[in-house]
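Chain B: place on chain A using the hints.
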Amino acid sequence: MMWRDVGVTLILSLILPVVAQGARHTPPGKPKLTSCRSPDKETFTCWWEAGSDGGRPTTYSLFYHKENSETVYECPDYHTAGANSCFFNKNETSIWVNYNITVVATNALGNNFSDPVDVDVVYIVQPHTPENVTVGVLEDEDGPFLRVSWEPPRKADTRSGWITLIYELRVKLEEAEEWEEHRAGQQKMFNIFSLHSGGVYMVQVRCKPDHGFWSEWSTASYVKVPDYIPRERSMWILIAVFSAFIFLILTWIITLNRSSVKHCLLPPVPGPKIKGFDQQLLKKGKPEEVFNSLVVQSFPPRSTDYEDLLVEYLEVYVNEKQELMPEGKDLRDVGCLKSKSQSDNDSGRGSCDSHTLLMEKCGGVESKDESSYEEPELLQGQAGSWERLERGDSQVVDTPDSSDARVKTWPLVFSPSIHGSSDNHHYGTLEMPKQHSTSEITYSVPDHLFPTSTSFPHHHHPEYRDSLGEYSEYRHSRSPSTGVLYHWEAQHHPQAHSNFNIRNLERQKEATGLGLPPSRSMEYVEVQKVNQENQLVLKPLSSHGRGPSQVQFGRAVVDYSKVNGVNNDNVLLLQRQREMAEAGQYCDYREKEGAEAERYPTQQQGKTTKDGPVATQLQESTCLTTSGYVDTVPTMPTF
Amino acid sequence: MVLLCVELRGSGSASAAPICVHGQAGCHFLSLADLFDRVIQHSARMHSISSDLHSEFEQYVLPSRNHIGRINRHCHTATILTPNGKENAQRLAREELTEVILKLLVAWKDPLWQFHQNMVHQDDFNNFSSNKALEMSYMVHELRKGVEKVADKMQHLGMISNTLSGLSSPEALDPSSDTCGESQAMSDHDLLYCFRRDSNKVQNYLKILKCRIVPENGC
Chain A
23 MMWRDVGVTL ILSLILPVVA QGARHTPPGK PKLTSCRSPD KETFTCWWEA
73 GSDGGRPTTY SLFYHKENSE TVYECPDYHT AGANSCFFNK NETSIWVNYN
123 ITVVATNALG NNFSDPVDVD VVYIVQPHTP ENVTVGVLED EDGPFLRVSW
173 EPPRKADTRS GWITLIYELR VKLEEAEEWE EHRAGQQKMF NIFSLHSGGV
223 YMVQVRCKPD HGFWSEWSTA SYVKVPDYIP RERSMWILIA VFSAFIFLIL
273 TWIITLNRSS VKHCLLPPVP GPKIKGFDQQ LLKKGKPEEV FNSLVVQSFP
323 PRSTDYEDLL VEYLEVYVNE KQELMPEGKD LRDVGCLKSK SQSDNDSGRG
373 SCDSHTLLME KCGGVESKDE SSYEEPELLQ GQAGSWERLE RGDSQVVDTP
423 DSSDARVKTW PLVFSPSIHG SSDNHHYGTL EMPKQHSTSE ITYSVPDHLF
473 PTSTSFPHHH HPEYRDSLGE YSEYRHSRSP STGVLYHWEA QHHPQAHSNF
523 NIRNLERQKE ATGLGLPPSR SMEYVEVQKV NQENQLVLKP LSSHGRGPSQ
573 VQFGRAVVDY SKVNGVNNDN VLLLQRQREM AEAGQYCDYR EKEGAEAERY
623 PTQQQGKTTK DGPVATQLQE STCLTTSGYV DTVPTMPTF
Chain B
5 MVLLCVELRG SGSASAAPIC VHGQAGCHFL SLADLFDRVI QHSARMHSIS
55 SDLHSEFEQY VLPSRNHIGR INRHCHTATI LTPNGKENAQ RLAREELTEV
105 ILKLLVAWKD PLWQFHQNMV HQDDFNNFSS NKALEMSYMV HELRKGVEKV
155 ADKMQHLGMI SNTLSGLSSP EALDPSSDTC GESQAMSDHD LLYCFRRDSN
205 KVQNYLKILK CRIVPENGC
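Residue numbers (my numbering), protein chains in the order written: chain A, 23 to 661; chain B, 5 to 223.
So here's chain B without its partners, still in its complex pose:
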């Protein structure tokens, strides 16, 4: 675990790859709208996988464990302030919203990896589920990179200020220590439950962001 925490700290956000500027040679230009569509699709897929895993867990694993009552569920991401309604979400600035998204994604990277590792050694899930867990953790990683690219582009286009650069700082990952401890306490079921919700949040926030910034299609 200590190693994990160190690893979390150590792995800052990867340096963002340069995004092509308009007309730069040898570079495939993607518009902001396209980027948004991509990340939204990504997040939709991530959420559907998490839903599947959660329902599988509830269907097959939980009854056998004789899970009685409901323990007060506490997601490790509860410390991250997230808007709980439409007005709240719309009240947030673009940068803040983007930041929330990134925070969430960052917070889930390691727990998911851990979860996958646990699953491999357990018999509770079949191979199919373990593949899903692996895919989930991979997707979180990819999505985070995608959102970072979007943020960079937005910054480049001047739509948002440059306050996001603080994310890559270690302070943003401070909660990870708590997260580290929290993730241990979470049961698998809770983890799945929490992640399902958080992936939904990410998807929704991205959509709000997109319709606010590039409201061309589907808004």
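Same shape as in the complex, but just chain A:
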């Protein structure tokens, strides 16, 4: 029996909790008042949330009592505002009165009170959204703008002043991310400027009482802005057009004055002329060929062409009266004096006074009619070579045809050996004779040789004279195979120095035995004679002894000989001024063999035959000259 009782007790004790558990209910959980709101400051609503219901149907009730009153009232309306809410109508709502509100959850097992909440209706006002939001696009002189207008929510009585609402609106482009918010105060209308043309805008409005909560945003209103050109953009367009116009005008002006502008900005830099350099080949992109042409053509110079390459030109003027005719026109007018650069590509054709006496071939010297004298023939022969050389030189040069008594510079044929002289000596340049068949080749003495002279007339053999009234006649002869230019320095004024530097001094190292010293300083040679080939045989002044074919050029001694005049025999009468200090008399003397020597134009002399002292037998002279001198610049050796 006892066992049975124990067993029953055990079973019961096991079963009962299970049974009891299944049937357990608890009093409801604690509810909680979530919020109370009043849309118009005349009524208000409170909401709560339920706690656990404890397994039983639970009812909620709300009780309140007013400030300083013990009377407890229950919520008058549980339904109007929805579930778990209590709505206080106008009669039950008192403003500026503290409500103490409690919610009670009740179920079969008990009830549970929420925490009490104090509510003063004045401070829980949250109005509805503004109504009747309208957005329109209006036009202004600055462009379109939006006008947004709205009305206060119906329930809020702003008319009587009971509620004062302030408004806020926000705008954004439809595709934009951020809203742009604006406070509108108490006004019911707002303007928005600076719109994107053609954009679609969204606008929303909300409101708030002066002490309370913001309402919800109203539903978005969309508006499309018509296309327009903003005023400031049109102004910029105008400015841009105007600037472009001015720019065009300036460009046109600059284009008109292209050359002078270019001359101003980019002063022409004399460039080297490399004989045999073919630009076209280079442009084609075959440098090897170009270089080959350079190498092959002009360097090392073949002996036969050597003299061709040693081109030195002397521009001389023939006195008209004392025309050296029969050689007559043996002073060709080459007319190259002015350093006017032809419009060719050679930048070095800057000027006749360019340091580097870069002479461009002005064109083939053609003189057909050279029968009158030998020299022209020579020259013609030269011309051919010139032309040949010229052709070989692919640089653009002025064709003789185009020459029009303009100054042309001979290209320096010997470019490799040409040093641009860094000294400021002027070089006589030889002007290219006309190509057309003027049978005369004239050479004019360059301007700088005679600083006081003005430009030479080109075609004719000007009587050249300097300011002192002296004139000199220079004969120029060139070796048939080479053009030899002698640069004379004529000094008519003690101070005037235009030096004829016989060029090629530097490059005469390779010269055939002439052994011109490479120094660039001024060196002077004496014109010993004119050889057969109408070459001035020169000898350096300092050397007294001369080999027939050797012109030694010296050194530092500078001797000047003044050209006294030209005698009837077309002989340069030179004076010699040994030293300034010894300036004394004006000697006029003629070199011993001057007549012979200076007759070179007429003589076909062998290259190295004559040896006689040439015009500048000056060293033996004891005469002193007082002023003026002719510097005989070391020149190319004659052949």
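Hints are computed from structural coordinates only; laboratory data are not their basis.
Treat each hint with caution, since some may be false.
Below, a list of computed lysine-lysine pairs in the DSS-like style, where the Cα atoms sit at most 27 Å apart [to be verified]:
id	chain 1	residue 1	chain 2	residue 2
1	B	107	B	149
2	A	246	A	194
3	B	149	A	230
4	B	149	B	136
5	A	246	A	210
6	B	107	A	88
Chain B alone, transformed into the frame defined by chain A:
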């Protein structure tokens, strides 16, 4: 305290300064609407200061005092009958409404001054708050003067009758004796709470008055 009460009695409402009549020379003419706007702005400022002070008090001072429960709050101005709703307020006549406003303002002048004095000697509030309290009491004084001017103007314009003159009489200040005692019983917190509410009332009543009398803007 006795001195205070005597002072309250003694200080009647200051004699209202004469208001310019239209076109009076040397006088800046203010329209009634302008006057209303001014006093409404004034009252708005007064209320915002009181709100700030009250929230500061609740935030900093109250927790430290371990204020438990809520004592039945009793504002000393509870004796003044004030409309508690819109209809009630609209039912009142202009004169009555104006009178209520003035009563309120009068009732608060001294307690606020007292409050400020208390605060200066206490460490509960910082200087900023004590300045606010001073400003509050000053504003109440100014607002009262402004409302009196408005009332005078309204009377002058014939909008209201001349019953307001009774305010300056000592009878109107009778409650001050009670107020005197009441203000003592009020704690600082209650004082701030009560004043915040009363300033809101004043502001609201003024707005109602304005929209009723000069409903041009903002109504």
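Task: Pairwise hint evaluation, residue 149 (chain B) against residue 107 (chain B), where the allowed Cα distance is 27 Å at most - done: 12 Å, holds
Task: Proposed proximity, residue 210 (chain A) with residue 246 (chain A) (alpha carbon, max 27 Å) - done: 21 Å, holds
Task: Proposed proximity, residue 194 (chain A) with residue 246 (chain A) (alpha carbon, max 27 Å) - done: 12 Å, holds
- [ ] Take a quick look at whether residue 149 (chain B) and residue 230 (chain A) sit within 27 Å of each other, Cα to Cα.
- [x] It is violated: about 30 Å lies between the C-alpha atoms, which goes past 27 Å.
- [ ] For the pair we were handed, residue 149 (chain B) and residue 136 (chain B), check the Cα-Cα distance against 27 Å.
- [x] Status holds; Cα separation ~20 Å.
Open item on the list: For a C-alpha distance cap of 27 Å, please report whether residue 107 (chain B) and residue 88 (chain A) respect it.
Closed with: With Cα atoms ~24 Å apart, residue 107 (chain B) and residue 88 (chain A) stay inside 27 Å; holds.
Taken one by one, the earlier hints fail for this structure only at number 3.
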